[in-house]
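Asker: Line by line, the protein sequences give chains A and L.
Our numbering applies: residue 92 is where the first sequence begins, and numbers increase by one.
Our numbering applies: residue 15 is where the second sequence begins, and numbers increase by one.
If you are wondering where the hints come from, they were derived from the structure by calculation, not from laboratory data.
Possibly wrong hints are sitting among the right ones.
[To be verified] With a straight-line Cα cutoff of 25 Å, these simulated PhoX-like cross-link-like pairs (lysine-lysine) come out:
(1) L/Lys530 - L/Lys570
(2) L/Lys440 - L/Lys410
(3) A/Lys296 - A/Lys371
(4) A/Lys191 - L/Lys150
(5) A/Lys243 - L/Lys150
(6) A/Lys100 - A/Lys437
(7) A/Lys371 - L/Lys221
(8) L/Lys150 - A/Lys245
(9) A/Lys296 - A/Lys364
(10) A/Lys100 - A/Lys371
(11) A/Lys173 - L/Lys527
(12) A/Lys321 - A/Lys173
(13) L/Lys165 - L/Lys440
(14) L/Lys480 - L/Lys493
(15) L/Lys416 - L/Lys480
(16) L/Lys221 - L/Lys191
(17) L/Lys63 - L/Lys26
(18) L/Lys493 - L/Lys416
(19) A/Lys123 - A/Lys437
(20) A/Lys268 - L/Lys650
(21) L/Lys650 - A/Lys123
(22) L/Lys200 - L/Lys223
(23) L/Lys299 - L/Lys311
(24) L/Lys150 - A/Lys173
[As the list claims (entries may be wrong)] Residues on chain A that point at chain L, a partial pick, calculated with CB under 7 Å:
(25) Pro164
(26) Glu249
(27) Ile329
(28) Tyr341
(29) Ile347
(30) Arg379
All C-beta atoms in this analysis are idealised placements derived from N, C-alpha and C, irrespective of residue type, glycine included.
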Amino acid sequence: MIDVINNRKIPFWISGAFFVVSVALLLFVGLKPGMDFTGGSLIEVTFAEHRPTITEVQDALQSIDLGNVVVQPTNEMGMILKTRFVSEEEHQQILENLQKAFEVVGNDVPTEEQLTQEGYSGVVLTNKEGEEQTLVKDKDGNFISPEDLVTKNKITEERVETIGPAISSHLRTRAVKAVIIVMVVIILYVAYAFRRVSKPVSSWKYGMTAIIALIHDVVITMGVFVILGKYFDVEVDIPFIVALLTILGYSVNDTIVVFDRIRENLIRFGSNKFIENINKGINQTFVRSINTSLTTLVVLVALFLFGGDSIHYFSLALIIGILLGTYSSIFLASPLLVVWQNWSQKR
Amino acid sequence: MAKDLRKRSQSKIRSKIRWGTAVLLLLLVICGAYDAPAYYNSLAGKISKSTGIGIPQLSENPFRLGLDLQGGAHLIYQADTSDIAESEQPAAVEGVRDVIERRVTGIGVGEPNVQTNRVGSDYRIIVELPGVTDIKEAIGMIGETPILEFKEPNNVPPRELTAEEQKQIDEYNGDAKQRAETLLKKIQDGENFEDVARASSEDRTTKEKGGYLGFVGKNSLYFQYYIWGASSAEGDISQTVYDGEDGYNILKRGSEREGENEVEASHILICYLGSAGCESPQYTKDEALLKAEELYKQANADNFAELAKENSEDTGSASIGGKLPPVTKGMMVPAFEEALMQAKVGEIIGPVETQFGYHIIYKESEAPSKEYELWRILVKKETEFDILGPQDQWMKTDLSGKQLDRSEVVTDPKTGAAEVALNFDKEGTELFRDITERNVGKPVAIYLDGQPISTPTVNQPIRDGKAVISGNFNIQEAKLLSQRLNAGALPVPIDLISQQAIGATLGAQSLAKSLKAGVIAVIIVMLFMILYYRLPGVLSVVALLLYIALTLSLFKIIGVTLTLAGIAGLVLSIGMAVDANVLIFERIKEELNEGKTLKTSIEEGFIRAWSSIRDGNVSTLLTCFILMGFGTSFVKGFAITLSLGVLVSMFSAITVTKTFLRFINPWFKEEANWLFLGSKKNKNV
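Can you build the whole structure from these sequences, using the hints too?
Answerer: Structure, rendered in structure tokens:
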């Protein structure tokens, strides 16, 4: 049996330190808001043969008034451009500039024979001036310009996202609203779960302790993302908010299960051996807490490693939050309950 | 007797459990087949072939994939409803939706989805185009509102300046004049003219060159300074500030030189059908030539002005006897200039052909002109024009694309050119009649998207509500314009405020990656459960498989759109689904440790673990329900799949695992052996 309660000072110091540092980071450095909240544009392109350097790309876009353009290489041949919100015209202008700068139009127009072999077919049409023009059709019967056939290092646009100021401000208010509603609902839920008054600890103390543990989980997760934002340019976007809210919903029940057990023990074995009963409850639920988190963490780690860019940091936030949630429900919530109880008894 | 009864009821329960197990396994097979009909069909085909039993085939019913997985565009437009009364706004926005829907039909591979959405006082239109490859074209189709407008000549005089504006101009100009005089004083006190120009001139084009205008002739833009130049000597600087059209000037004169010859001439123009600017053609080209030749024969120095008045179709000069303003080289079209410059003074030549028609030209005089080298320093004046802005040549009418009934492509029977014919509705017919009645003999302008595309002259009022736009279309352009006009104009302007477009390749990559992550996650979770919990672990794995098959079937039946976030939610729910099994098995372990029999432990374990399972899932479900109302597709996709998963997992982890555990229970003795939960024997606590 692990004596969590009498060794409570260790987790208190560790958590306290992390919590204070995280709050300081949030206040003085702050999270790096992503495009969802600031508005902006993201364009992902791939180059067929040769990827230019970041400066070359920035130079190519110099002529458009875009302000600061952040260019990040991605995958093997891709590049992600992040700019302020651009209109559709500006977006097309950006593509055009990139094509002009990096696509190479060769002059070795393929011969008819080569074309036929590759499944192309030529169609001769007469234009308005009465001149004959040869147009090339590909396998699917679409007309293609002869230029396309000889263009080297063709640029393909893989992804565009633009978020205007109206949308981003809307998302901001929505996110704040969602966070507030989830908080309120969780508090109500905790109050409901501990609605039956039990001795010697009053029900609202269980609830408050559970919520303190939750705040601890969420604040430290945010603290980690402040550091990620500062040193690895990790931005906080809608998925991050969703992750935080999911942590709230998932972690609160870990604490509830431990508390449930403690309450059960207190009723069954009496409140004389208060500390012993609490320790017993923690140990009874220990394996269960670890194992449930473990199965969830396993799938999250798989998503983090293999799930692709879009859900990379989303899964990371969940991993950190669930780790913290499991830790806090075992080493933080119950000892806090004891400290509080002792303190109020002394008074 | 009692024992007998117990046995009978026991065997009843037993058969119930057997049936339950069979039904669940069958459910697993059916759901699996429904999820992956391709595999099922090929397998069923093989079995049918080898055994001769006809096994029915399933129809393919693919999962609905989100835009981020199959590629496509998600566009959000904001409707500008500021010009519309509030009560009519919802209808107008619905109108926008209908028009956009018509325009995007057939773009991309899937069915486009157009929705309206109200956020506060803003109306948004969300357009989803699955599988669209050319997003640029799609945006073009949606956004390019063909705004058709009809305009008539603007006869409304510009408004008068208000007293306040007049005062503002006077004050500004008084100040400007003073500044100019200060500059002049500086120069008179010995400062270099060019230096002052560089420092203070407000003429941006000449400022850098010290105010140098170059050689200025009679016909240059700077005619008014030419006059000053003519009355001054080389090196002179204007004594006073010279009040010009654009501002106050300080002028300086340099050398003089011989300029181009200046020619005075009159002409008679005979235009024909198809020549440039011919407003009311009377002749074909051949007839025009004949007429011109006839006039040439008649014309002499005395009757030229008279003939021009009667016959010339150059509306600008006919009334003054064909007289042209004095011209120098470079001011006329090449053919006309060449002929005029070669002719002798007093000679009448013709017919000369230009794009305007045939000209008879009378060269009256030719004299060399002087040009003076000038510099100037400008201090700008403010004029009425600066405040009122340019006077528009055209005036808007109430007739627009709104009153259009339909349009079609026609060809001009004479020239074969493609034209777009318009048929107005009742209101439009009346408006068009009024406009044409007001403007007989005058041009009206047809504007498309803010550009004039045709300015026909009204010969007679048109009362049948039919008009033809004869821009310089080719047949494709005419067809497209007609189509767009028929699709209808947008009732209110829209603005693209967000777009998300994902290429099909990237979508497929994301799908493959997330599926890979999901499969790896499931395998690890299963291995963990089997290694840690042994036989019950195996049962929970079967339950998990049934859970996955069932959830996927539900996604298909309900029509849940699978996005990347949705798959993440599903995978996460798999991790959470086994949580229930962990809770149950741990509880069973505890009960066994307390010395209870296997059967009792199983039953107790389920009952005792239930409250924890319920509580744990309720908090996650609550969060999910709140998130579903968030509105963003990422959040919705995640919340829907996670909550569906959590709900199904309650069924699978409890009912399914319980049935399986009860099913295998009689295979073992009262005490659990090593196959159960790692405890070989009941340990003493």
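Asker: None of the hints should be skipped; say for each whether it holds.
Answerer: Against the structure, the hints:
1. L/Lys530 - L/Lys570: 20 Å, holds
2. L/Lys440 - L/Lys410: 20 Å, holds
3. A/Lys296 - A/Lys371: 19 Å, holds
4. A/Lys191 - L/Lys150: 18 Å, holds
5. A/Lys243 - L/Lys150: Holds, because 22 Å separates the two Cα atoms, which is no more than 25 Å.
6. A/Lys100 - A/Lys437: Distance of about 19 Å is within 25 Å: holds.
7. A/Lys371 - L/Lys221: Distance ~91 Å between A/Lys371 and L/Lys221 Cα, so the pair is violated.
8. L/Lys150 - A/Lys245: 17 Å, holds
9. A/Lys296 - A/Lys364: Distance of about 19 Å is within 25 Å: holds.
10. A/Lys100 - A/Lys371: 18 Å, holds
11. A/Lys173 - L/Lys527: Holds - the C-alpha atoms of L/Lys527 and A/Lys173 are around 24 Å apart, at most 25 Å.
12. A/Lys321 - A/Lys173: The hint holds at about 17 Å.
13. L/Lys165 - L/Lys440: Holds - the C-alpha atoms of L/Lys440 and L/Lys165 are around 19 Å apart, at most 25 Å.
14. L/Lys480 - L/Lys493: Within the cut-off at roughly 18 Å; holds.
15. L/Lys416 - L/Lys480: With Cα atoms ~15 Å apart, L/Lys416 and L/Lys480 stay inside 25 Å; holds.
16. L/Lys221 - L/Lys191: Since the Cα atoms of L/Lys221 and L/Lys191 sit roughly 18 Å apart, the hinted pair holds (cutoff 25 Å).
17. L/Lys63 - L/Lys26: 40 Å, violated
18. L/Lys493 - L/Lys416: Between L/Lys493 and L/Lys416 the Cα gap is close to 19 Å, so the pair holds against 25 Å.
19. A/Lys123 - A/Lys437: 45 Å, violated
20. A/Lys268 - L/Lys650: Measuring from Cα to Cα gives roughly 15 Å; hence the hint holds.
21. L/Lys650 - A/Lys123: 24 Å, holds
22. L/Lys200 - L/Lys223: 19 Å, holds
23. L/Lys299 - L/Lys311: Holds - the C-alpha atoms of L/Lys311 and L/Lys299 are around 19 Å apart, at most 25 Å.
24. L/Lys150 - A/Lys173: 19 Å, holds
25. Pro164: 16 Å, violated
26. Glu249: Since chain L brings a Cβ to about 4 Å from A/Glu249, closer than 7 Å, the hint holds.
27. Ile329: A/Ile329 check passes; min Cβ-Cβ to chain L is 6 Å, inside 7 Å.
28. Tyr341: Cβ of A/Tyr341 sits 6 Å from chain L, so the hint holds.
29. Ile347: Holds - the Cβ of A/Ile347 comes within 7 Å of chain L, reaching about 5 Å at its closest.
30. Arg379: Since the shortest Cβ distance to chain L is 4 Å, the answer is holds.
Checked against the numbered hints above, the structure violates hints 7, 17, 19, 25; every other hint is satisfied.
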